[in-house]
Amino acid sequence: MYWYSTAFISLAWAQILLHMANPASQVALLRLLSCHSSRMGSMIGSESKRTVTTWSPLAATFNTKPKRKYVSLQRNVGLFEMTELTRPDGFAEAERQSLEEADELVTAAIAAPTGQEVVAIFDKLSDALCRIADLADFIRVAHPDKNFSKAAEQTCLNVSAAVEKLNTNTELHNSLKKLLEDRKIYDSMDEESRTVAKLFMFDFEQSGIHLPEGERKEFVKLNEEAMILGSRFLQGTQTAVSVDKKLLPDHLKYSFTVDGGQIKVSSLHADNPDDLVREAAYKIYLYPNQDQSDALNQLLECRHKLANLAGFSTFADRALRGTMAKNSLTVTNFLEKASEMVLPSALDELESLKEAKARHNPSSKNLHAWDTHFLIQHIRNEKYKVNSSDFMPYFSLGACMEGLDMIFQRLYGVSLEPVEPKNGELWSPDVQKLAVNHKEEGILGYIYCDFFDHPGKPQQDCHFTIRGGRLLDDSTYQLPKVVLTCSFSPPTSSCPTLLTHGMMENLFHECGHAMHSMLARTRYQHVTGTRCATDFAEVPSILMEYFANDYRVLSRFARHYQSQETLPEEMISKLCESKKMFAAQSLQTQICYSMFDQVLHGPHPLPKTTTEIYEDIQKNYSSIPYVQNTAWHLRFGHLVGYGAKYYSYLYSRAVAHKIWSQCFRKDPLNREMGERYRHTMLAHGGGKEASLLVENMLGKKLSTDDLVESLISEVVR
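Residue numbers are given in UniProt numbering: position 262 of the sequence shown equals residue 262, and the series is strictly consecutive.
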């Protein structure tokens, strides 16, 4: 019965966050330069071009600053229309009501006769807790008012404690156990109810309720330690490194932040054209940290003991239960085959990088790990002359939202319609509320778009589930509510928000998650939308990236925000070709990280130190040499939230590419195929086995070889 906020971060952003963190100022500069360039272009030699000052209602919603004026007498409806949340101390009241409702449902579940009704009561119990917990978890990180943030954080802690107590309630556990052990009743249940019942039982087992008392206490203790260690390790991945400035020569020290007698290095400076600056940053920022290493070792040990107590030989096998891959052996086999097939292309690309390094710095021709990112960008720009600012005038935020609306209308018959928020409903005045409206079925749910940067806001592109959809007792449907967050620069009076193609691609990715939540129609909120297997959850979002790179789609909405000229096909072709350059190197890197993740969460005790293991993994799965006295893995924050599941990005991409190639590549806006995709895959959330949903969509069961072939086909040309 674990509550959780379903937040997903795109892989592109995950890499940025872990390595170099794209500053908001850089985005603002690109937007400013793009606006300036566009205005100059319209003044010089093109006076006949019409400056467009009117937008469609949807585009205008995102391309102009909101001008909301609430009448003081209007009733404050509270955050997300939760009437208790008109003020920070309202969280305590909302929390009290939620826990009281939960107590009543616990009593009902224990007293209920064995039958499918038990599953429904459990889901109501989960919903009562998730409604406040997921909302509070979002407000905790997103609300600009610290009083709201602190109140929300306290609610998160209190509800979490209540859930831990419920997960050790033996009477509640026994009511579910009886249901699962009664084969006659179990077999009479529909597939979704059986799935949800097993998921709730797994939640109980995650808390060790099935163990003898002594082992259960040990299980709870280990679980608490793992959470604390995970938080400690994650914090350490973002910590800057300080060194005595005397250790660096004068021509290098001022490339970094100087704080008194210390130099602070807070990133890899991977874009810096100076080889020595990149080398210094790499060796300082990734220098082994003993405290961080100890935290990781203790975390891995805790996880291994937890898995053993739960009856699994490794943490990986415990974590992969219920996924498409199912076990670590399948994941390892997938990664090994992909590594073998991508190697020839990766080695060819390596030669190109070595040649570029020799041209860039003839006095230091050897290629190092700190060179690759810079050289890849340099070669791409040199060959294709692709500049992010050139694309931005064609990707105003409003135009991109119109593009998404067009895609969803063509595929599913749903539209994105701006809704005027009520007084007190929003946490920030520039948030926009959209209704997802089906022309026959009515409103399917609501998306809150928190797209603009403001002080204290996390620099992430994310999808958060605030309220999951479920079938209510009166046969109506509880409409889902989700939040999409980005960190775009807000529009000005003279220029709308303009996006790079990468930003647009991320927006499409996150909207893929949102539509998964909107189009799911599960009986139970416990398995709605993105609440599904990790290696399946990214499939709908990655699939949207293919739409974001198809010119047949882009040409329908990507227009210059002033002249309304369509994005030239040559520009997007050059961009797509440039992105394919060094794709083998990128894939090799992800395989390397994924394999390292599997080894760490495999058999224990580990045969070597984590640094030695990473060195071996890099030597075996990457063509870029390991740098002695560095520990990149101690900056690998995904080891906390994606422990033993980092492979999911590659697995999901392989599945998404297969679906795109077979179902959408020929005609990306085919309504018949869109409806099939909606009802065969998206509608079921996590209520059906993910691999079966994919099989039903494609008409065949995907083997490991099929998945590897799909993944490699994008890289090897």
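Since the hints were derived computationally from the structure, they do not count as laboratory data. Keep in mind that this is a model prediction, so the values were computed, not measured. C-beta atoms are modelled at their ideal positions from N, C-alpha and C, and glycine is treated no differently. Some hints could be false.
Below, a list of computed lysine-lysine pairs in the DSS-like style, where the Cα atoms sit at most 27 Å apart [said to hold, decoys possible]:
(1) Lys-221 - Lys-245
(2) Lys-433 - Lys-422
(3) Lys-619 - Lys-580
(4) Lys-354 - Lys-365
Derived Cβ-Cβ restraints for the label pairs, each shown as a range [to be verified]:
(5) Tyr-626 - Glu-675: 45 to 51 Å
(6) Ile-443 - Lys-385: 44 to 50 Å
(7) Pro-605 - Leu-234: 39 to 45 Å
(8) Asp-348 - Met-227: 41 to 47 Å
(9) His-454 - Glu-569: 50 to 56 Å
(10) Ile-613 - Leu-234: 52 to 58 Å
(11) Thr-476 - Glu-382: 43 to 49 Å
(12) Pro-605 - Arg-676: 47 to 53 Å
(13) Ala-111 - Thr-239: 17 to 23 Å
(14) Ile-443 - Asp-190: 52 to 58 Å
(15) Tyr-626 - Asp-244: 46 to 52 Å
(16) Ser-188 - Glu-340: 45 to 51 Å
Outcome of the hint check:
Distance check on the hinted pair: Lys-221 and Lys-245 sit about 43 Å apart at the alpha-carbon level, beyond 27 Å; violated. Distance restraint check for Lys-433 and Lys-422: the Cα-Cα separation of roughly 10 Å lies within the 27 Å cut-off, and the hinted pair is therefore satisfied. For a cut-off of 27 Å, the pair hint linking Lys-619 to Lys-580 stands: about 24 Å separates their Cα positions. Restraint check for Lys-354 and Lys-365: the C-alpha separation of about 7 Å stays at or below 27 Å, so the hint holds.
For Tyr-626 and Glu-675, the hinted distance range of 45 to 51 Å is satisfied, since their beta carbons lie about 50 Å from each other. At about 46 Å, the beta-carbon gap between Ile-443 and Lys-385 stays in the expected band of 44 to 50 Å. The hinted range of 39 to 45 Å is not satisfied by Pro-605 and Leu-234, whose Cβ atoms lie roughly 24 Å apart. As the Cβ distance of Asp-348 to Met-227 is approximately 45 Å, the hint placing it in 41 to 47 Å holds.
A beta carbon spacing of about 37 Å between His-454 and Glu-569 contradicts the range 50 to 56 Å that was offered as a hint. For the pair Ile-613 and Leu-234, the supplied restraint of 52 to 58 Å is violated, since their beta-carbon distance comes to about 20 Å. A hinted range of 43 to 49 Å for the beta carbons of Thr-476 and Glu-382 is inconsistent with their spacing of about 59 Å. The hinted range of 47 to 53 Å is satisfied by Pro-605 and Arg-676, whose Cβ atoms lie roughly 49 Å apart.
Checked against the hint of 17 to 23 Å, the pair Ala-111 and Thr-239 fails, with Cβ atoms roughly 51 Å apart. Look at Ile-443 against Asp-190: about 26 Å separates their beta carbons, and that is not inside 52 to 58 Å. At roughly 26 Å, the beta-carbon separation of Tyr-626 and Asp-244 lies outside the given 46 to 52 Å, and the hint is violated. At about 47 Å, the CB distance of Ser-188 to Glu-340 agrees with the hint of 45 to 51 Å.
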